[in-house]
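Visitor: Each chain, written out:
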Amino acid sequence: MTAAAVELTPRLRTWSAFRRNPLGVGSAIVLLLLALVAVCAPIIAPFPEGYGADTSQPPSAAHWFGTDDIGQDVFAQVVWGTRVSMAVGVSASVLAIVIGLLIGVSAAYFRRLDTPLGVLVDLSLSLPVLPLMILVAALAGPSVRTLAVVIALFSWPEVARVVRSQAMAIVPMPFVSAAKVVGGSSLWIVRKHLLPGVVPVVGVSVVLTTSRAVLAEAGLSFLGLGDPNSWSWGTILHKAQQSGALATAWWTTLFPSLAILLLVVSTTLLSVAYNDARDHRNSS
Amino acid sequence: MRFIGLRLARGLLTLWFAVTVTFFLVRLLPGDPVTAVADPNMTEALRQKLLADFGLDKPLGAQYLDYLGQLLHGNLGMSFRQSIPVTTVLMERLPWTLILTGAAMVVTIVLGIPLGVLAATRARGWVDRVIQITGVTAQSLFVPSVGIFLMYLLGVWLRWFPIGGAVDLDATGFAATLSMLHHLVLPCLSLVLIQLGGYVLTMRTTLIEALGEDYVSLAKAKGVRPGTVVWKHALRNALLPTTTIAGLQLGTLVGGAVLTETIYAYPGVGRAIYEAVGQLDFPVLQGAFVLLAAAVVAANLITDVAYGILDPRVRTS
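For the protein sequence lines, the chains are S and F, in the order given.
Under this note's numbering, the residues of the first sequence are numbered -5 to 278, in order.
Under this note's numbering, the residues of the second sequence are numbered 256 to 572, in order.
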């Protein structure tokens, strides 16, 4: 190791280790491309609506992913679906991270809150989440915003648990006691010392929570709880199921399924690569 | 039996939490249940009568106590659409879901243990790499996609298995049992594929740990055959932590069952949920959640107690 390498900050070392991992970089590129498709959907394909002339056509040069039973272009559905699926996934994940971060840090820092919050997290984690999400989403009425809020509402306990266990390791550190001794307010200590300490764990959590949220959105939309006025990958599968195309028109289900797979696998690989890169003991 | 008592108390607490959360979520969400079912043009008098019929005109606290009392009698309310008790609707469906999830769990364990052993005994070899990568990927699959893929491959294309329903209604006696198993294969396999990764990876990690223990070195030094060391000595100890994964994955299993039953038109609780979503039948949705939560709590209790019997150390902690 050269003298220059020693002076690298941990963040830079993680970044340089991450850059050398082809799986991680590849996943990041795939995710960026999907995000690009989501943002540029209006430029790539017209919004799929109304009835088309060519019904239930297999993939061809005119319709890359074929058409569904009312003649809509499946490629356009998948492109526009990327938008809603990713928007719901990301916003649900951000919301869940914020709630989980607040609850996890409070449980670790304020000892009196630890037991009740711990019990709350344990209880929420031991319930079957999907049927509960279905009930709440059905009652609240289907819309993109409902889906994001409902998914976040039942995804934060996992984040809270991870954050709490990381924060628990920081609270007994001497610098936290020192901060208390010099008269720092709780809010200041949490902001200055606890939050920076849990950020690396949260980094992985953001990625994994997003992919779980995308899967949850797809599941709810597949069951018919998606926004009726917009397309998501789950909605495409729901329409295929309802029209009876499930057993005949393979193209209506294959392409949205591949899109989900692509997103979830690349997020998983990205988090694995990030964890490896952060673990400096393994690198040279 | 203080241990069992404690676990039972925890199970009951979880169940109470589930029931209370649903009760308040349903009441706090915009629009009361009557507005959801009834015609928006109905007169105020009729609306009040409906509210009174469903007991929705009482204060929230009284409604909550009423609800808990009814639950203790096994009463989950009336289905909005079918005008029969929710309990009747769901109890008809529950056996199918239990058969499906039970079968999926057994098959997962039967396949998961040898695969975990294979990966652990060849740790860091290419077999291990393949099993690890497949395991991680399988965990991130979308259940309906897996179901649809198997349906095409084994149902539509190869025509080996039926693609919908749970049993051939014309069959009787032994033929009916065979038909039931035949219909079970595809939905069960879909669930197994989703679950397997978690079991194999946990099995692998705990077995690798167990193989590093002193008693394994001792057995090897005594000249016990390598196969016996793995299967008789190390595996027995590695199996115990693996039982906890069964409890942890119950939520995923139940969620997966809801989606799989929808694809294969399998007449379980999950399919009932799908139908209730289409008809906005809220009491059925609420009842299904309470019932599935109870099933998960009961299964968790059984795993915990079994673990306690197999490994006395956890009883004291």
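Simulated from the structure, these hints should not be mistaken for lab results.
Since we're looking at a predicted model, the values are computed, not measured.
Just so you know, even glycine gets a beta-carbon here, dropped at the ideal spot from N, CA and C.
Keep in mind that the hints are not guaranteed to be accurate.
To be clear about the criterion: a stretch of chain F counts as covered by chain S if any three or more of its residues have a C-beta under 8 Å from a C-beta of chain S, and this derived list gives those stretches [to be verified]: (1) 401 to 409; (2) 425 to 435; (3) 510 to 520; (4) 548 to 562.
Visitor: Look at each hint and say if it fits the structure.
Guide: Comparing the hints with the structure gives:
no.: 1; hint: 401 to 409; result: holds (count 4)
no.: 2; hint: 425 to 435; result: violated (count 0)
no.: 3; hint: 510 to 520; result: holds (count 5)
no.: 4; hint: 548 to 562; result: holds (count 4)
Of the numbered hints given earlier, the model fails hint 2 alone.
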